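Novice: Chain by chain, the residues run as shown.
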Amino acid sequence: MNSFFHVAPATPFFLKAELGERFCLFYAPPPGWEYRGVLIYVHPFGDEMNKSRRMAAMQARAFAAAGFGVLQIDLFGCGDSSGEFGNASWNIWKRDLAAAWSWLEDRVAAPISLWGLRLGALLALDFARSSENAIDRIILWQPVISGESFLTRFLRLRLANEILLGEAGTEKNTGTNAMRNALRAGNPLEVAGYELAPDMAAAIDILQAAELLVTRCPVHWFEVVAEPGRSMTAAGAKVVTAWKQNGVDLHLQLVPCLPFWATQEIAECPELVLATADIFAEQAR
Amino acid sequence: MNFEERALALQCNDSWMYGILSLPERTASRGVLIVVGGPQYRVGSHRQFTLLARHLASIGIPVLRFDYRGMGDSEGAPRTFEDLEDDLHCAIERFFKEVPALSNLVIWGLCDAASAALFHAHRDRRITGLVLLNPWVRTDQGAAKAYLKHYYLARILDPEFWRKVWSGRFNYANATQSLVKTVEKALPGRKIAAASDKAGDRSCDFASLPERMLDALSRYKGKILLITSGDDLTAQEFLELVKSSREWQRLLAAPGVSRLNLPEANHTFSRRAWRDEVAVGTSDWIQSW
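Chains as they are written, first to last, in our numbering: chain X, 1 to 285; chain C, 1 to 289.
If we strip away everything but chain C, and leave its shape as in the complex, we get (with noise of 0.2 Å):
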């Protein structure tokens, strides 16, 4: 199928931000916003999102992406994905404007974009779905808990390692020293756990990146897709949560959310086997309901 790519200038409060809408000849009526999630820009890494865009555009699907506020192109201080709620309704108000036909939306976000995604998904009806890759939920235990999980045990079973050890080429100072600092992290004890006691007398302010998400997504009535890859210390920290948590499994077990899994993808789905795998998943999908 054809499509156009039309180039727009949006603006948002006092900034212009840019974006590219790429435009069926004949147009779904769900549409889909990406959000570019970490340090990159509309194109998202390894030109991802550009390519993704291209693909779902092919198929009938309208898709805007763009750069928020601070951001590649885009005027602005630079923010974090914890402050793009106006962002992300200026982009969402000129997408059903440049697009008549459009009647709801997906977003699609990596890493703390899927986190951005989550909090904005139930303020806006016309969000019906939302796709989230490799979502962020970093606290410092929880990075600890998966770091020594996946990298320490990877390690122990890697045949590299022990050769290592055995030709004298390992540096056992630093590896126990790093190890010890991760262990604290990951097992606080009673100091740090007494600190958070104090702490929690106040705490409804300062819920946690995982609270507020569980939060957001108890709230949230729409469809999900949850995309993760098997060689990434974030979707490894997400999936642990997950498992520590009945009300993460519940919300997560219901008949609204799909799960696909690339064993082998790092973060950013770095080939092109990936990638494609995620488009190509993104795109079914979407049309499946």
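Bound-form chain X, shown alone (with noise of 0.2 Å):
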């Protein structure tokens, strides 16, 4: 699979921006190729990011080889990029992405389409629904149904590690809500490892993928699922109805698959890379 999809290298770069410099990296279709279109990949939260990593590298790789760009960018705080985590909040991510767009807009004329997984595919209809920009596509990867439900399970990461065994169901409530207080009183928190800024913890909180329509271009939504045959959960599907109602474009795949964004160790889904390729090579067609 490696070899199959074996291009040019990759040009890592950093990139300035507010208050500092990018980390970036750009896949160029092979020497000598035209351009189909360009993709900016906008990563998921924490160490989802880092999970998930090597398959943004794989489906960037193939889009590449299609002869698709793709720009894929640390957010302020995030990998490589400057700054402290617990000083990003969700605007300067949404500048980081118009600023991603600029670098891409002034190099290539091609389409562009944006690719998010989980929270970053918040961030990217977010982004979306803000810019004015002719955004070709959007590609989701199993995006966050609901942001005040994603900070809870990412408040009990640190909630894990505070009571044993975490098995007695109050405390566990008591305890995110303790958090979320703390957080609204303005104090910043530190969760597995990063810190938690308020603004940030409210930004993400009221975020609700039913309310981020985008109706001006398809929206390709890939669901990971256990096994085939499996349905998406409720709150998904929920989430489906409503954009469908509301005029969404909405073109929907479940894919079974290990969920690589939060396994213990490293995970491929090569059956997700294929299907995210075949959307532009129906285009073709």
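Please keep in mind that the hints were generated in silico from the structure rather than gathered at the bench.
It should be emphasised that the depicted structure is a prediction, and the values quoted were computed from it without experimental measurement.
Simulated DEER-style distance windows between Cβ atoms: (1) Asp-278/X to Asp-83/C: 28 to 38 Å; (2) Leu-8/C to Ala-134/X: 33 to 43 Å; (3) Glu-211/C to Ala-202/X: 48 to 58 Å; (4) Pro-188/X to His-89/C: 39 to 49 Å; (5) Arg-129/X to Leu-252/C: 51 to 61 Å; (6) Asp-231/C to Ala-226/X: 27 to 37 Å; (7) Gln-249/C to Ala-226/X: 45 to 55 Å; (8) Ala-77/C to Gly-186/X: 47 to 57 Å; (9) Pro-188/X to Leu-8/C: 32 to 42 Å; (10) Lys-97/C to Phe-13/X: 11 to 21 Å; (11) Ala-253/C to Pro-198/X: 42 to 52 Å; (12) Pro-188/X to Leu-252/C: 34 to 44 Å.
Here are the simulated SDA-like pairs of lysine to any residue, each with C-alpha atoms no more than 25 Å apart in a straight line: (13) Lys-16/X to Glu-25/C; (14) Lys-244/X to Ala-275/X; (15) Lys-97/C to Phe-14/X; (16) Lys-94/X to Glu-5/C; (17) Lys-16/X to Ala-7/C.
Heads up, the beta-carbon is just placed ideally off N, CA and C, and yes, glycines get one too.
Combine the two chains into a complex, taking the hints into account.
Specialist: Below, the structure written as structure tokens:
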């Protein structure tokens, strides 16, 4: 599989941006090819970004081999970019995507698409809603459905360290509630090695996939399920219905795979890479 | 002190690897190569390696961290820590080329990267120091021993454990079963001993991980800083191994070996206080010789 997708090396570089630099990796089509399009990859939150790095690279190489450029950007305070995670904000991240967009627009004359994973999927949608740029399509990998439950699960990582065996249900609830109260009072909180700023927590808490409607370009939603024949979660299905009722040009695909953004060891899902690359193959036919 | 960060594409055999060089304006002659361990890429869990590199560069120490083949952004098929010889060699060659002022370097590795660093260190004279954090010496038997001692003992001493027992919420059946399995591994019975005796006839090529690490340690002539976490089974397993072997104890008692233990810390040093203690411990040690 690797040799099949082997193309020219990607170009790593630092992009000057607000408050320093952003690490970027640009994957170009094979030399001499014309760009069929370009994509901006929007990574997930915290260690989910680390765990999915390999899959992002596999997908980017597959896109490049098919004639698409991919710009991977580490958002402010993440990965190799400038800044501390605790100083990042949702709006800085949206402006980072705008900077990535300009960089691409200046260099490549081809339609630009967005591709986001987990919380990055919601950031891509939110960016698309507030941007006037012509977006070719949006690819979502396992979008977070509710920012509130996502944040609760993140906060529980801290509880897991605090409560032995973490079995008492009531303690859990008061635990994350107490943490939310501390955040609301303006105190940053260290969770699983990440300093969570009150503003960041508040921004995530109010995110609802169902409300992030994008109707001006096709949206391709890839949902990973445990095994073939399984359906998506009820919460996810509700969002699908809401989007369709509101005129989103939605294409949903379920792919059986391990949840590679959260597995203990690095997991690959070639099926997802092939299914995702296929979107553009169909376009060419 | 000012430093710049340089994004690098490094060639290794038929693959491209990606890395970040943190380069101080006025650079020391001793650099640090951070090698990634576990299921991580070059930024490390909760960005520990990114922040460590910036700390070291800010006091004049150049740092290279990279994704070996099959990991993170780098090309190639996934590989284990036992198969990093070429990747380390390619990264070191490039590091010396990028920073002409370098004369020697320290490899910094956490978990299985510490084991990989130890395997590689005696093969390259330019490697004068190793920072080994929670080295990985996993064998089934050693893991079970560490688990028994530190997990069960901690639980038995914990009031919460007894509250559960008294309130009837403790699952005896499950606990007993897993305890029995663990004990079987820790105290190999006749069956297991007989099987390993047979294997012993052709054992030369199949030395266990701890044996090969001991061999690598005995060949290495440079300095070592061993950093361990109190709340980490990997570290406990390593320390148990050392306790049970005179040879390990002798080698680690050498004057070139320093130690730092963080009694509260977990495997990946997931609090700012622990991360900072490791960063300062590393830079102090590098500047002390």
